[in-house]
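Trainee: So the chains spell out like this:
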Amino acid sequence: MTLELFRIDDRLIHGQVVVGWGQPCALGFFVLVDDEVAGSEWEQELYRMGVPPEMELFFESVASAAGRLEAYRSDKRAGMLLTGDIATMERLVAAAPGIRAVTVGGVHHKPGRVARARYVFLTPDEEERLSALAARGVTVVAQDVPHAAAIPLDALLRGDVSQ
Amino acid sequence: MTSSERPPAIIAGHGEFAAGVRSAVEQIAGRADHFVAVSNAGLGPGEIEAELRRVVAETGARVIFTDLPAGSCTIAARRLLRDDPSLTLVTGAALPTVLSYACGCDVAKAVEQGRTAIGVVEGGR
Numbered sequence: 001m002t003l004e005l006f007r008i009d010d011r012l013i014h015g016q017v018v019v020g021w022g023q024p025c026a027l028g029f030f031v032l033v034d035d036e037v038a039g040s041e042w043e044q045e046l047y048r049m050g051v052p053p054e055m056e057l058f059f060e061s062v063a064s065a066a067g068r069l070e071a072y073r074s075d076k077r078a079g080m081l082l083t084g085d086i087a088t089m090e091r092l093v094a095a096a097p098g099i100r101a102v103t104v105g106g107v108h109h110k111p112g113r114v115a116r117a118r119y120v121f122l123t124p125d126e127e128e129r130l131s132a133l134a135a136r137g138v139t140v141v142a143q144d145v146p147h148a149a150a151i152p153l154d155a156l157l158r159g160d161v162s163q
Numbered sequence: 001m002t003s004s005e006r007p008p009a010i011i012a013g014h015g016e017f018a019a020g021v022r023s024a025v026e027q028i029a030g031r032a033d034h035f036v037a038v039s040n041a042g043l044g045p046g047e048i049e050a051e052l053r054r055v056v057a058e059t060g061a062r063v064i065f066t067d068l069p070a071g072s073c074t075i076a077a078r079r080l081l082r083d084d085p086s087l088t089l090v091t092g093a094a095l096p097t098v099l100s101y102a103c104g105c106d107v108a109k110a111v112e113q114g115r116t117a118i119g120v121v122e123g124g125r
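If you read the protein sequences in the order shown, they are chains A and B. Heads up: the first sequence runs through residues 1 to 163, numbered per the working numbering. Heads up: the second sequence runs through residues 1 to 125, numbered per the working numbering.
Just chain A, same shape as in the assembly (with noise of 0.2 angstroms):
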């Protein structure tokens, strides 16, 4: 076990990534990566609340947690790092070497966003995003909870989400 999950999520913590996530994965922690979630106490309890207790949950700016991945990749318990949006993301993989697949689990419609699965709307600058990750040799994928098929990209930025 490890840190092992990569989500991209603009609810953050919630109960899809809690219970969904975290009870059939046996999740022990999340790494919560936000520039501004980290800067704010308020934010950090707000989301503190939302977590069991036997869960713990950390908080991240891009920077530090470029510089701790390592040692939550050490944990011997199942974790999960969540950034709320794409560009976060693609900061985060660009600091921290060693990201090798990274899960869309959550990017809701919002004005000039284009629906490409039920879960998942994106700005042309936001799919260029994605493809450069896929570029730099990660592997996205689309799923929202555990046992529902992964979307690869390409097939996301079709909008071919029958599979």
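Just to be clear, a hint being listed does not mean it is correct.
Stated by the list, open to error - To give an idea of the chain A side of the interface with chain B (calculated C-beta under 10 angstroms), a few residues:
{"#": "1", "residue": "Arg11"}
{"#": "2", "residue": "Gly15"}
{"#": "3", "residue": "Pro52"}
I should point out that these hints are in silico values taken from the structure, not numbers from a laboratory. Glycine included, C-beta positions come from ideal geometry on N, C-alpha and C.
Position chain B against the provided structure of chain A, taking the given hints into account.
Mentor: Leaving out everything else, chain B in the frame of chain A:
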């Protein structure tokens, strides 16, 4: 303030949870009009918060029931409470709690009755 004088409360949660609880309250007690259902389905965190703020502004709701303590509706509701400490949030709500509130209990009593309603009945007894 009697229950009939209270502003509607909000039920917020995943999928059709809120609409389902509201429907059950109507079937049992005929008091669906005491509640407004909000679903987080398809909504980002900012949209959930905006929807809760809209409903509070339109209805004067003072109480928000949510399903999961870790859920996005709960996170959004807590952001409302930061700005308006007179609001009350009940997490982990289920039908017995909401029904008790619908029938006139205050929040504390409704929560107590909701806890009491949880039980395990083992087969063969």
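Trainee: If a hint holds in the structure, say so; if it does not, say that too.
Mentor: Now for the hints, and whether the structure bears them out:
Given the 10 angstroms rule on beta carbons, the hint for Arg11 of chain A holds: about 5 angstroms separates it from the nearest Cβ of chain B. Given hint, Gly15 of chain A at the interface with chain B, holds; its Cβ is 4 angstroms from that chain's nearest Cβ, closer than 10 angstroms. Because the beta carbon of Pro52 of chain A sits about 8 angstroms from the nearest beta carbon in chain B, less than 10 angstroms, this interface hint is met.
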